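**Q** As a plain string of letters, each chain reads:
Number of protein chains: 2
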Amino acid sequence: MEFVNKKGGLLGGGQLGRMFMQEAINLNLEVKILDPDPMAPCSKFCNEFVVGNLMDEETVYAFGKDCDWLSIEIEHVNVNALKRLKNEGVRIVPDPELLEIVQDKGHQKNLYKTLKLPSPAYVLIENKAELNTARQTFPFVQKLRKGGYDGKGVQVIRNRADWEEKGWDAPSVIEEMASIEKELAVIVARDSFGGMSVYEPVGMDFNPKANLVEVLHYPSGLPEEVNQKAKALAQNLAGSILKEGLLAVEMFLTSTGELLINEIAPRTHNSGHHTIEASLTSQFAQHARIMAGMPVGDGLMTSPAAMLNILGEPGFSGPAKYTGLEKALAIPGVYVNLYGKAITKPMRKMGHLTVLAKDWVSLNQKIVQVKGLIKVQS
Amino acid sequence: MEFVNKKGGLLGGGQLGRMFMQEAINLNLEVKILDPDPMAPCSKFCNEFVVGNLMDEETVYAFGKDCDWLSIEIEHVNVNALKRLKNEGVRIVPDPELLEIVQDKGHQKNLYKTLKLPSPAYVLIENKAELNTARQTFPFVQKLRKGGYDGKGVQVIRNRADWEEKGWDAPSVIEEMASIEKELAVIVARDSFGGMSVYEPVGMDFNPKANLVEVLHYPSGLPEEVNQKAKALAQNLAGSILKEGLLAVEMFLTSTGELLINEIAPRTHNSGHHTIEASLTSQFAQHARIMAGMPVGDGLMTSPAAMLNILGEPGFSGPAKYTGLEKALAIPGVYVNLYGKAITKPMRKMGHLTVLAKDWVSLNQKIVQVKGLIKVQS
Numbered sequence: 001m002e003f004v005n006k007k008g009g010l011l012g013g014g015q016l017g018r019m020f021m022q023e024a025i026n027l028n029l030e031v032k033i034l035d036p037d038p039m040a041p042c043s044k045f046c047n048e049f050v051v052g053n054l055m056d057e058e059t060v061y062a063f064g065k066d067c068d069w070l071s072i073e074i075e076h077v078n079v080n081a082l083k084r085l086k087n088e089g090v091r092i093v094p095d096p097e098l099l100e101i102v103q104d105k106g107h108q109k110n111l112y113k114t115l116k117l118p119s120p121a122y123v124l125i126e127n128k129a130e131l132n133t134a135r136q137t138f139p140f141v142q143k144l145r146k147g148g149y150d151g152k153g154v155q156v157i158r159n160r161a162d163w164e165e166k167g168w169d170a171p172s173v174i175e176e177m178a179s180i181e182k183e184l185a186v187i188v189a190r191d192s193f194g195g196m197s198v199y200e201p202v203g204m205d206f207n208p209k210a211n212l213v214e215v216l217h218y219p220s221g222l223p224e225e226v227n228q229k230a231k232a233l234a235q236n237l238a239g240s241i242l243k244e245g246l247l248a249v250e251m252f253l254t255s256t257g258e259l260l261i262n263e264i265a266p267r268t269h270n271s272g273h274h275t276i277e278a279s280l281t282s283q284f285a286q287h288a289r290i291m292a293g294m295p296v297g298d299g300l301m302t303s304p305a306a307m308l309n310i311l312g313e314p315g316f317s318g319p320a321k322y323t324g325l326e327k328a329l330a331i332p333g334v335y336v337n338l339y340g341k342a343i344t345k346p347m348r349k350m351g352h353l354t355v356l357a358k359d360w361v362s363l364n365q366k367i368v369q370v371k372g373l374i375k376v377q378s
Numbered sequence: 001m002e003f004v005n006k007k008g009g010l011l012g013g014g015q016l017g018r019m020f021m022q023e024a025i026n027l028n029l030e031v032k033i034l035d036p037d038p039m040a041p042c043s044k045f046c047n048e049f050v051v052g053n054l055m056d057e058e059t060v061y062a063f064g065k066d067c068d069w070l071s072i073e074i075e076h077v078n079v080n081a082l083k084r085l086k087n088e089g090v091r092i093v094p095d096p097e098l099l100e101i102v103q104d105k106g107h108q109k110n111l112y113k114t115l116k117l118p119s120p121a122y123v124l125i126e127n128k129a130e131l132n133t134a135r136q137t138f139p140f141v142q143k144l145r146k147g148g149y150d151g152k153g154v155q156v157i158r159n160r161a162d163w164e165e166k167g168w169d170a171p172s173v174i175e176e177m178a179s180i181e182k183e184l185a186v187i188v189a190r191d192s193f194g195g196m197s198v199y200e201p202v203g204m205d206f207n208p209k210a211n212l213v214e215v216l217h218y219p220s221g222l223p224e225e226v227n228q229k230a231k232a233l234a235q236n237l238a239g240s241i242l243k244e245g246l247l248a249v250e251m252f253l254t255s256t257g258e259l260l261i262n263e264i265a266p267r268t269h270n271s272g273h274h275t276i277e278a279s280l281t282s283q284f285a286q287h288a289r290i291m292a293g294m295p296v297g298d299g300l301m302t303s304p305a306a307m308l309n310i311l312g313e314p315g316f317s318g319p320a321k322y323t324g325l326e327k328a329l330a331i332p333g334v335y336v337n338l339y340g341k342a343i344t345k346p347m348r349k350m351g352h353l354t355v356l357a358k359d360w361v362s363l364n365q366k367i368v369q370v371k372g373l374i375k376v377q378s
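Note that the protein sequences, when read in sequence, are chains A and B.
When we follow my numbering, the leftmost residue of the first sequence carries the number 1, and every step to the right adds one.
When we follow my numbering, the leftmost residue of the second sequence carries the number 1, and every step to the right adds one.
Chain A on its own, in the form it takes in the complex (with noise of 0.2 Å):
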């Protein structure tokens, strides 16, 4: 086969196209990115950086008319101008159809239902009057069905009090809580010729403030026969509905020992960045290998790892100033990435760190010493 590089567009400019920019380098992809922020994390690092609004049809129609593939790194963007350009012959990865499912948590939890995949039990709202209807018990979850992201747009709702003081008045996802022992991701590859890749899933612990991922554990830490379902759950979902591209899978394991899908994004993601470091091809690689038309490569671990992010301090938001890089960088086994954001603001995903160890004990050793090493302030 010879390989002829197309040139290709990416929708989004920040840290995941970044490190997605880093892997196309390798295969000589020519990548031209569009982004509102003309300081995006980018806008340095692509063969062409273009300003403009990702939600805008005729900007992101206008962007890949000239592209032979385009991709993305964020779910928020124009899926009209996807669908016109697809039928125009451009390849989109992942699939419009799939994008817009995606956009709307409400068509998320349609489509497990119609997978018969399990997920939290659910109602569905257009307006805050309509919950009377729907019944629903107390406590349950809020979410938002358009344009949440980073653990925006979801909440927890305790009580009726609680409902008539926060409750959003928009459509969404009512989902009864379920009672999570551990929160837990798998990330999946697929390539044009229908090879996969399914990644060992990893373990998160969130900061209950910022609903972010604080420590990422892999392997997860979970009993082996989890880690198998785990795995075969994100493998059935991705043969259904990924034609090709990334899909990451986040879940609940209950208290009752059930995994349950929580949401899913069809890009590289937050949960797989220990890939770069501790697997063998990483889940940017992948992005890179699948846009050059090539397999997906084997992404078995090659060694255990934990991932944490380097959020913006509360309290500061300026120009980002950065301490304690050369203590953590001194520890061997322990990488910095940084995301070249020149703003930092409260808990804003500025970088991240992995730590690589041989095994679990010395793992946690690590994430004590590194935790808190690195702050970021204005």
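Derived from the structure by calculation, the hints contain no laboratory data.
What you are looking at is a predicted structure, and each value in this text was computed from that prediction instead of being measured.
Honestly, I wouldn't trust all of these hints.
Because identical chains share one entry, a pair is satisfied inside a single copy or across any pair of copies.
[To be verified] In silico BS3-like pairs for lysine-lysine, Cα to Cα no more than 27 Å straight-line:
1) Lys7 to Lys32
2) Lys182 to Lys32
3) Lys321 to Lys6
4) Lys6 to Lys327
5) Lys182 to Lys128
6) Lys6 to Lys375
7) Lys375 to Lys7
8) Lys321 to Lys65
9) Lys231 to Lys243
10) Lys231 to Lys358
Given the structure of chain A, go ahead and fit chain B onto it with the hints provided.
**A** Relative to chain A, chain B alone:
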């Protein structure tokens, strides 16, 4: 310590600069790059790309004068400009004085003599006529003192007739031909705190036609005592001459078991590409850490590896087309790193392959499998 991102410059925008940038991105390094070729491998992947002659004093001086630091990916750069910039307070890595020595193979040889480090016996000549005075016996190796790279500017002279026919009439090193059992190389990284990381030696098999490394083995496959001696020699040399930066030391193991220094390069090196996938910290990550004012990382070997250059097929010059990429990438533990060169030429370095395997036997099986799989034609 507060990390303030200082503005840096890199002289040379080829593949070494490109792989440096892939790592520099992780530390938010702001890097502008100077290269004579507007289409150089780095041209799209740096904060600012400047086209200009690396050997022109005023060009290099003007490029560097607003930088906090300057480094190189090629040693053929104007040293006078770097000396002026150093005097004006710009941090230059490597030191211009070391660069000046390395640019002249005669000075290199004199350095080894001064430091009492083993290297093949030699005489220096200014021109062809001087050889008789120097009374060199045949065979020998003639190396042009200046301007050589990738084996260019080096030739074997078998006998008097050979010399008459093809001897270069230029300042040269006339070097005794070592009886070479194996060529090996060691890379050392040194940070501004004096910290040093010494990589395991690699063993190199050369392509006799192109005088380029064809296959590199990591570890070298040589006895442990030879590896230890090679590391000690490189560390000793770096300790003497390298203030901060990288040093690649190429050596001969002779048939009598002696280690002789062949030549050195104070930068990232072709013999260290495998460290990207097969070490805790790659040579490029070390370079990025050093320029960021961070400590060097642990260069620990994480897997046996081999590196094969991907060279332009003889007989083809023009826009590059690749075949076989998908076959190579389908083999687990095979990595392709292309350099983004639009034009192929016979034996031009277009990329490299890294192969990981669990042991020496399976490594060599994989080498057989991938060798010749990828072809670069036009």
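**Q** Now tell me if each hint is right for this structure.
**A** Here's how the hints hold up against the structure:
{"no.": "1", "hint": "Lys7 to Lys32", "in the structure": "both (8 Å within a copy, 25 Å between copies)"}
{"no.": "2", "hint": "Lys182 to Lys32", "in the structure": "neither (39 Å within a copy, 45 Å between copies)"}
{"no.": "3", "hint": "Lys321 to Lys6", "in the structure": "between (39 Å within a copy, 12 Å between copies)"}
{"no.": "4", "hint": "Lys6 to Lys327", "in the structure": "between (42 Å within a copy, 19 Å between copies)"}
{"no.": "5", "hint": "Lys182 to Lys128", "in the structure": "neither (30 Å within a copy, 77 Å between copies)"}
{"no.": "6", "hint": "Lys6 to Lys375", "in the structure": "between (41 Å within a copy, 18 Å between copies)"}
{"no.": "7", "hint": "Lys375 to Lys7", "in the structure": "between (39 Å within a copy, 22 Å between copies)"}
{"no.": "8", "hint": "Lys321 to Lys65", "in the structure": "between (40 Å within a copy, 25 Å between copies)"}
{"no.": "9", "hint": "Lys231 to Lys243", "in the structure": "within (18 Å within a copy, 50 Å between copies)"}
{"no.": "10", "hint": "Lys231 to Lys358", "in the structure": "both (23 Å within a copy, 25 Å between copies)"}
Hint check: violations occur at hints 2 and 5; the rest are consistent with the structure.
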